[in-house]
Structure formats: structure tokens, C-alpha cells
Amino acid sequence: MHSPMRTPLGRVRGLGSARSGTHHFFLQRLTALGNLILTVAFLIIVMSVLGESYSTVHTTLANPVVAVIMLLALLSVTVHMRLGMQVVIEDYIHTEGMKVALVIGNTFFTTVIGLAGAFAVLKISLGG
Amino acid sequence: MADSPPRIMRPTSPHLQIYRPLITMMMSIVHRITGCALYFGTAILVWWLLAAAASPSAYATFSTVAGSWIGRLILLGYTWALLHHALGGMRHFIWDMLHGFGPKERVLLAKLTLGGSITLTIVVWAIGLAIKS
Ligand code: HEM
Chain A
1 MHSPMRTPLG
11 RVRGLGSARS
21 GTHHFFLQRL
31 TALGNLILTV
41 AFLIIVMSVL
51 GESYSTVHTT
61 LANPVVAVIM
71 LLALLSVTVH
81 MRLGMQVVIE
91 DYIHTEGMKV
101 ALVIGNTFFT
111 TVIGLAGAFA
121 VLKISLGG
Chain B
129 MADSPPRIMR
139 PTSPHLQIYR
149 PLITMMMSIV
159 HRITGCALYF
169 GTAILVWWLL
179 AAAASPSAYA
189 TFSTVAGSWI
199 GRLILLGYTW
209 ALLHHALGGM
219 RHFIWDMLHG
229 FGPKERVLLA
239 KLTLGGSITL
249 TIVVWAIGLA
259 IKS
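Chains A and B, in that order, are what the protein sequence lines are.
Its first residue numbered 1, the first sequence is counted upward by one per residue in the numbering used here.
Its first residue numbered 129, the second sequence is counted upward by one per residue in the numbering used here.
Misleading hints may appear alongside valid ones.
To be verified - Here chain B is said to cover these stretches of chain A; the calculated rule only asks that three of the stretch's residues, wherever they fall, bring their Cβ under 8 Å from a Cβ of chain B:
(1) 79–85
(2) 108–119
What the hints assert, rightly or not - Here are some chain B residues the structure puts well away from chain A; computed CB gaps all over 10 Å:
(3) Gln-145
(4) Ile-146
(5) Ser-156
(6) Ala-188
(7) Ser-196
(8) Leu-210
(9) Phe-221
(10) Leu-226
(11) Ile-250
(12) Ile-259
To be verified - Reference excerpt, derived from the structure (chain B facing chain A, CB under 8 Å, subset only):
(13) Pro-139
(14) Arg-160
(15) Ala-165
(16) Leu-166
(17) Tyr-167
(18) Thr-170
(19) Pro-184
(20) Tyr-187
(21) Lys-260
Just so you know, the hints here were simulated from the structure itself, not pulled from any lab data.
Glycine included, each C-beta is placed from N, C-alpha and C at the ideal position.
Can you make the complete structure from the sequences, with help from the hints?
Structure representation (C-alpha cells):
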């Protein structure tokens, strides 16, 4: 098969692209839009409980609308920041082993942050 | 992610060390720096949620740290980073729709991002401080 878009050397090496670039780009934009909307909602929520007592904060976060907004924000933000940090790592770290280790660490960190936050929100709203 | 080792080490293009700083270039760098700062800033948000889920005393600890002058400084920085990065993201949306690449527009967009983020940060904190007192 002759593809005019690839050099003979490129075909012999067979590495090609990882074929996830467009998806990465699109998901970064999709979550950016999500972040934008959810960030505004998040700022309003935080402002409304500034300096309030523990029980007020707890009751506010237990509200289903607030809880769902927080869960959506955590999902959108952690997916977005994982993609974003992966690009930063790939741009600056050129040792293969270190790069892979950091990309894995990035996934672990963002997953822990996202799930810990979601657990907290669910505990507040479901656990009474 | 599929890199094979280069067969010849070619010279890489000189960039930061050689170009005169331009506002568009600075805003690009700042978008990346704020993105990375927000990355770790998300941990503060999750600490807040976990503290509220855990107990009144855990929440009191969070409030003390967040309310201290250093805590407030970090939260002020977080607010600015979030607003600046959000406006920078909107600039990316404009570019993604193939607008805003002209020499004048580029500079105008960069200035609006910076001016907008500083103004919005002041507005948000003014409202916040007014609510608290
Ligand atoms: C807490 C929230 C956020 C975090 C933790 C975060 C984190 C990041 C990180 C780490 C990057 C990679 C930086 C780089 O490649 O230079 C990034 C890129 C990006 N962010 Fe965010 N971000 C957040 C909110 C937002 C918001 C609200 C928007 C949108 C309006 C946004 C739009 C973008 C865009 C468009 C990019 C890609 C830039 C590029 O392709 O060069 N982000 N973000």
C-alpha cells in the first residue's frame, strides 16, 4: 500500500502517530467549555457560603443542585487538567522512562483528586 | 506519544533566550503557568470538600488556614489564575473559530485577557469581602 502522506522510512519504522491527537484536542476544548460554565457556578456557590458556619456550608453542599454542579465541575476539571498536564510533560520531559512515569503519575493524581472530591460531595449529600 | 529516537541530533530553534518578549508570547506562557497552578489548586478545593464532609473540627482547621494571610494570598492568586486562564481559554475558542489572528487583534486580545482578569479578580474579592463583613 502506497500512501503519499508517509515517507518510506516512516512506513518501515511503523511507529506512526498515536492517533489520539484530535480526540485529545477536542476533549480539551469540550472540558474547557464545561469548566467555563461550571467555574462561574462554583464561584457563586463559594461566595454564597463565605465565612458561614460549618452547618450552613454542609447544608448548602447537601443541596442536590449544588451537589450535582460540584460533581460535574470535579469531572470536567480533572479530565481537563489531566489532558493539559500531559501535554506539558510531553513538551518538556524528553527521557522516555521519566516521561512515561510522569504521565502515569498525572493520571493517578487527577483520578485521586477527582474521586476524593466526589466522595466528599456524596457523603455530604447522602450521608446526612 | 510514539517517539523514536532521532537519528541525527539537529539544532533546535532558539526561542525564549533569543526573542524579545512580546505580550502575545507572555500571555501564552502565562496561560500555561496558570493552568499548572490551577492543577495543584484543585487540591485546595478538594481539601475544602473533604473538610466539610469530615467534621466541624476538620472544617475549622481548613477555615483557619484559608483565612490566614498566607491562605488568603494563595486564594487571591488562585482566583486570578482561574479568571485569567478562563479568559485565555475563551481566546483559544476565538482562535479555534479562525478569528483574532491579525496583528492588531492578537495584541488587543492579549491586553483584554490581562486587563479583564485583573478587573474581575478585584470585583470578585470586593464582593467577597463585602459579604464577609
Ligand atoms: C480549575 C480549572 C482548570 C484547570 C486545573 C486547568 C488546567 C489546565 C492545564 C494544566 C492546561 C495545560 C496548559 C498548557 O498546555 O499550556 C490547560 C490548558 C487549557 N485550558 Fe485549562 N484549566 C482550568 C480551567 C479552564 C477554563 C475555565 C477554560 C476555558 C475557558 C480552560 C481552557 C483551556 C484551554 C483552551 C487549554 C488549551 C490551551 C492550548 O491548547 O494551548 N481551562 N488547562
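Quick rundown of the hints versus the structure:
1. 79–85: holds (count 3)
2. 108–119: As far as the stretch 108–119 of chain A goes, the hint holds, because 4 residues have Cβ atoms under 8 Å from chain B.
3. Gln-145: At roughly 15 Å from the nearest Cβ of chain A, Gln-145 (chain B) sits farther out than 10 Å, so the non-interface label holds.
4. Ile-146: 18 Å, holds
5. Ser-156: Given that every Cβ of chain A is farther than 10 Å from that of Ser-156 (chain B), nearest at about 12 Å, it holds.
6. Ala-188: 7 Å, violated
7. Ser-196: 14 Å, holds
8. Leu-210: For Leu-210 (chain B), whose nearest Cβ neighbour in chain A is about 6 Å away, the distance does not exceed 10 Å, so it is violated.
9. Phe-221: Non-interface label on Phe-221 (chain B) violated, nearest chain A Cβ at 7 Å vs cutoff 10 Å.
10. Leu-226: Since the minimum Cβ distance to chain A is about 14 Å, Leu-226 (chain B) lies beyond 10 Å and the statement holds.
11. Ile-250: 14 Å, holds
12. Ile-259: 5 Å, violated
13. Pro-139: Hint on Pro-139 (chain B): violated, closest Cβ of chain A at ~15 Å, above 8 Å.
14. Arg-160: 7 Å, holds
15. Ala-165: 11 Å, violated
16. Leu-166: OK, holds: Leu-166 (chain B) within 8 Å of chain A, min 7 Å.
17. Tyr-167: 5 Å, holds
18. Thr-170: 6 Å, holds
19. Pro-184: For Pro-184 (chain B), the interface hint holds, since the closest Cβ of chain A sits about 4 Å away, which is under 8 Å.
20. Tyr-187: 5 Å, holds
21. Lys-260: Holds: closest Cβ of chain A sits about 4 Å from Lys-260 (chain B), inside 8 Å.
Going down the numbered hints, you'll see the structure goes against 6, 8, 9, 12, 13, 15, while the others check out.
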